[in-house]
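Chain by chain, the residues run as shown.
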Amino acid sequence: MVDLTKNYFELFELPVSCQVDQQYLSSQYRALQRAVHPDRFAGDDARQQRLSVQYAAHVNEAFNTLKQPLPRAMYLLKLAGRDVDMERNTIMDPEFLMEQMALRESVSAIRSTANPEQAIERLAGQADADIYQYLQQFEGFWLAGTEQDLEQAETVVRKMQFMVKLATELDQLESDFLDD
Amino acid sequence: MALLQISEPGQAPEPHQYKRAVGIDLGTTNSLVAAVRSGAAETFPDIDGNHTLPSVVHYGAQGIDVGSNAKTRALIDPGNTIISVKRMMGRGLEDVDALGGVLPYQFVANAWGTNEGMPFIKTRRGAVSPVEVSAEILRSLVSRAEETLGGDLDGAVITVPAYFDDAQRQATKDAARLAGLKVYRLLNEPTAAAVAYGLDQEGEGTIAVYDLGGGTFDISILRLEKGVFEVMATGGDTALGGDDFDRIVARWMLREAEVDESSINPLQLREAMVEACRAKEALTVGSEVDVNFGQWRGTLSRGQFNGLADPLIDRTIRAFKRSLRDAGLKASEIDEVVMVGGSTRMPRVRERVEAFSGRQPLTSIDPDRVVAVGAALQANVLAGNKSADDMLLLDVIPLSLGLETMGGLMEKVIHRNTTIPVSRAQEFTTCKDGQTAMVIHVFQGERELIRDNRSLARFELRGIPAMSAGGAKIRVTFQVDADGLLSVAAQELSTGVRSSIQVKPSYGLNDSDISRMLKDSFAHAGDDRDARTLLEQQVEADRVVGALAAALDKDGQTLLGKDEYHALLADVESLKQSRATGDAKAIAREIERIAQSSEEFAARRMNQGIRQALSGQKLDDLKEF
Numbered sequence: 001m002v003d004l005t006k007n008y009f010e011l012f013e014l015p016v017s018c019q020v021d022q023q024y025l026s027s028q029y030r031a032l033q034r035a036v037h038p039d040r041f042a043g044d045d046a047r048q049q050r051l052s053v054q055y056a057a058h059v060n061e062a063f064n065t066l067k068q069p070l071p072r073a074m075y076l077l078k079l080a081g082r083d084v085d086m087e088r089n090t091i092m093d094p095e096f097l098m099e100q101m102a103l104r105e106s107v108s109a110i111r112s113t114a115n116p117e118q119a120i121e122r123l124a125g126q127a128d129a130d131i132y133q134y135l136q137q138f139e140g141f142w143l144a145g146t147e148q149d150l151e152q153a154e155t156v157v158r159k160m161q162f163m164v165k166l167a168t169e170l171d172q173l174e175s176d177f178l179d180d
Numbered sequence: 001m002a003l004l005q006i007s008e009p010g011q012a013p014e015p016h017q018y019k020r021a022v023g024i025d026l027g028t029t030n031s032l033v034a035a036v037r038s039g040a041a042e043t044f045p046d047i048d049g050n051h052t053l054p055s056v057v058h059y060g061a062q063g064i065d066v067g068s069n070a071k072t073r074a075l076i077d078p079g080n081t082i083i084s085v086k087r088m089m090g091r092g093l094e095d096v097d098a099l100g101g102v103l104p105y106q107f108v109a110n111a112w113g114t115n116e117g118m119p120f121i122k123t124r125r126g127a128v129s130p131v132e133v134s135a136e137i138l139r140s141l142v143s144r145a146e147e148t149l150g151g152d153l154d155g156a157v158i159t160v161p162a163y164f165d166d167a168q169r170q171a172t173k174d175a176a177r178l179a180g181l182k183v184y185r186l187l188n189e190p191t192a193a194a195v196a197y198g199l200d201q202e203g204e205g206t207i208a209v210y211d212l213g214g215g216t217f218d219i220s221i222l223r224l225e226k227g228v229f230e231v232m233a234t235g236g237d238t239a240l241g242g243d244d245f246d247r248i249v250a251r252w253m254l255r256e257a258e259v260d261e262s263s264i265n266p267l268q269l270r271e272a273m274v275e276a277c278r279a280k281e282a283l284t285v286g287s288e289v290d291v292n293f294g295q296w297r298g299t300l301s302r303g304q305f306n307g308l309a310d311p312l313i314d315r316t317i318r319a320f321k322r323s324l325r326d327a328g329l330k331a332s333e334i335d336e337v338v339m340v341g342g343s344t345r346m347p348r349v350r351e352r353v354e355a356f357s358g359r360q361p362l363t364s365i366d367p368d369r370v371v372a373v374g375a376a377l378q379a380n381v382l383a384g385n386k387s388a389d390d391m392l393l394l395d396v397i398p399l400s401l402g403l404e405t406m407g408g409l410m411e412k413v414i415h416r417n418t419t420i421p422v423s424r425a426q427e428f429t430t431c432k433d434g435q436t437a438m439v440i441h442v443f444q445g446e447r448e449l450i451r452d453n454r455s456l457a458r459f460e461l462r463g464i465p466a467m468s469a470g471g472a473k474i475r476v477t478f479q480v481d482a483d484g485l486l487s488v489a490a491q492e493l494s495t496g497v498r499s500s501i502q503v504k505p506s507y508g509l510n511d512s513d514i515s516r517m518l519k520d521s522f523a524h525a526g527d528d529r530d531a532r533t534l535l536e537q538q539v540e541a542d543r544v545v546g547a548l549a550a551a552l553d554k555d556g557q558t559l560l561g562k563d564e565y566h567a568l569l570a571d572v573e574s575l576k577q578s579r580a581t582g583d584a585k586a587i588a589r590e591i592e593r594i595a596q597s598s599e600e601f602a603a604r605r606m607n608q609g610i611r612q613a614l615s616g617q618k619l620d621d622l623k624e625f
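One line per chain: the protein sequences are R and V, in this order. Counting from 1, one number per residue, gives the positions in the first sequence under my numbering. Counting from 1, one number per residue, gives the positions in the second sequence under my numbering.
Honestly, I wouldn't trust all of these hints.
Said to hold, decoys possible - Here are the computed lysine-lysine pairs in the BS3-like style, where the Cα-Cα straight-line distance is at most 30 Å:
| hint | chain 1 | residue 1 | chain 2 | residue 2 |
| --- | --- | --- | --- | --- |
| 1 | R | Lys165 | V | Lys321 |
| 2 | R | Lys78 | V | Lys412 |
| 3 | R | Lys165 | V | Lys554 |
Claimed, not checked - Pair ranges (Cβ atoms, derived):
| hint | chain 1 | residue 1 | chain 2 | residue 2 | range |
| --- | --- | --- | --- | --- | --- |
| 4 | V | His415 | R | Cys18 | 40 to 50 Å |
| 5 | V | Gly126 | R | Tyr24 | 32 to 42 Å |
| 6 | R | Ser106 | V | Arg447 | 52 to 62 Å |
Calculated directly from the structure, the hints in this document are not laboratory data. Using N, Cα and C, we set each Cβ at its ideal position, and we do this for glycine too.
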């Protein structure tokens with residue numbers, strides 16, 4: 001099965017890059033799903049339906065990977081031969097860890113602040129800015145491409161993951177507040 | 001029982017012929033069936049001209065009744081008359097108890113004699129599962145459709161509530177299987193309603209589907225973006241519907257007539273409810289209506305009725321607000337509001353929804369039929385009767401899927417709102433030396449502790465090669481298909497051994513239940529099980545022959561070498577011959593063999609489809625310049 005072994009960028013006929021044209025990605029995604037989605041084969045035999053579920057799931061996975069910056073960066077590292085195991089997220093940089101601890105404390109203090117929604121907004125803004133900055137750094141290292149650069153790129157991705165997690169938690173916290 | 005289509009031996013049905021495809025709205029109170037005929041989708045009436053079939057099944061001494069006949073039995077023989085069976089689909093006894101109200105049924109233990117799983121209902125015709133009851137409703141709709149369309153059905157799209165979990169969807173699909181119906185797709189009810197209004201062709205927007213039925217209220221917020229339907233939020237009230245409006249009017253009548261509610265008998269109460277319902281319906285067009293109860297005569301004006309109805313409508317608006325907040329939206333961001341369910345005929349409901357949403361709700365399609373109509377439109381596309389080029393409904397999984405990990409925690413494997421189909425692999429290892437089996441417990445829900453989520457199934461992996469603890473690496477793949485149904489596969493990575501998986505659904509039926517029910521239903525239909533098995537294999541053989549012949553015709557010369565092409569042509573011939581032998585096992589073997597021999601061809605065709613889809617894209621892009 002040729003196309004399933006292609007890398008995600010090739011599947012979408014996109015250049016392997018840190019930057020992805022979101023509009024083009026979406027329109028390629030819809031074209032691919034139109035070709036492979038099980039709905040196209042609803043009346044066919046069972047084997048054909050299984051095959052199309054596999055293809056459609058693969059296309060969805062590829063789309064979700066390329067759409068968001070963090071999975072995309074991790075995937076670029078994987079293509080460069082570095083499979084980042086996020087379960088073992090060990091960062092030695094003490095300065096970064098201190099920063100994270102401070103951020104965590106601010107998050108847990110949100111409930112007792114006078115204006116929690118404002119606090120959430122401020123922290124979310126900081127997370128977004130940090131993520132953006134990490135993306136810039138990542139691109140620089142990835143483009144340079146030596147083993148040493150990729151090592152650095154991997155560290156940046158790990159840091160980025162911290163911030164993405166924080167952003168998700170803040171989202172959750174915000175909707176909790178709206179529910180109260 | 002629907003008989004399956006048989007062609008002359010050796011003459012497979014033409015792959016491009018018109019398919020009899022229907023949409024089915026399998027509702028809590030009422031069900032409908034619809035199909036596209038001469039370009040328009042329409043629901044089918046029974047011989048008395050009724051389009052809706054009450055979702056009621058009566059197990060009588062003489063036989064099984066479905067619909068209005070069964071409904072009349074509800075008062076006389078409540079213990080054997082099953083109503084609102086949809087509420088029991090894929091649910092356990094504790095859920096059914098939590099529905100509130102005392103159900104007049106006796107429940108019995110499930111097939112494996114424990115208190116888990118779907119409860120069976122005791123009737124004079126034996127214990128029946130909710131799946132079997134639903135299958136009776138489906139059979140009734142299928143035979144109505146077959147009479148109208150003049151032949152056996154090829155397949156159906158069945159609608160389910162957007163919030164239905166895996167167990168509820170699986171139970172619905174099992175009911176179709178028992179009824180001998182091929183399911184093209186389970187479609188979310190609000191999505192079907194949006195499709196009925198052609199909103200899938202609008203590009204993008206936010207759609208609210210307000211569904212006030214006989215006994216339930218559902219609100220769904222959908223996001224449509226370039227052909228992808230995403231359910232952003234769902235909410236509602238499972239105990240609020242048209243009946244509550246009748247009750248509130250009946251109470252008003254009793255008050256006006258100075259009759260004490262506690263002093264009247266059930267028959268009088270029913271009389272009051274019927275009169276209240278009549279008054280409510282009359283006020284849909286009129287500004288006032290005369291009402292009678294016993295000796296009392298009175299008048300109910302639209303304004304008075306609105307005053308009575310408002311507290312109930314308030315509850316729906318509150319649920320609407322909550323769902324919008326869940327979706328992270330403001331009322332002003334809604335582009336369209338679709339009205340579903342007979343109770344949305346009340347002018348007051350429409351006024352209030354319009355005032356809240358700032359949009360004039362879409363009401364031009366009969367709100368009782370709109371879901372079935374949308375399902376029929378989708379069935380027509382899926383059957384291949386209409387080009388699928390401009391329609392693609394991608395759904396999302398409504399609740400996260402996860403596994404039990406140490407300490408009763410839920411580890412999410414597939415998150416809610418992920419577009420389906422989706423496939424995720426997770427690796428596990430053994431914790432003891434020489435361990436050859438492990439259990440994986442799958443849950444669905446959003447909470448952190450598994451005990452707060454719903455158990456879906458236990459998977460037992462066996463045949464893991466014995467190694468030291470942590471030595472074996474088992475990759476478990478979770479796949480959710482386009483209907484939102486989960487399947488699981490496992491493989492040991494170092495040896496490549498495929499572990500066998502035994503599935504024990506928590507609220508569903510296992511394979512042995514289903515085969516027992518199939519057997520029962522054949523016995524009850526005077527059908528022969530072997531003949532049925534043979535027919536099923538022959539139908540599948542026809543699908544394979546039809547699909548493969550058409551594929552060879554279209555792409556065989558370009559995608560295959562000469563030898564490959566002739567080998568597959570020979571396979572088609574040999575399957576045709578084996579089909580004619582009438583030996584079900586031989587046909588099954590031949591189908592399996594050809595599935596393998598044609599796999600490479602199928603993959604090449606998929607890949608060609610991908611290339612063509614993308615190059616078609618490029619041409620479109622060029623045209624824009």
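What are the numbers of the hints that this structure violates, sorted from low to high? Numbers 3, 4, 5, 6 - these are the hints that the structure violates, sorted from lowest upward.
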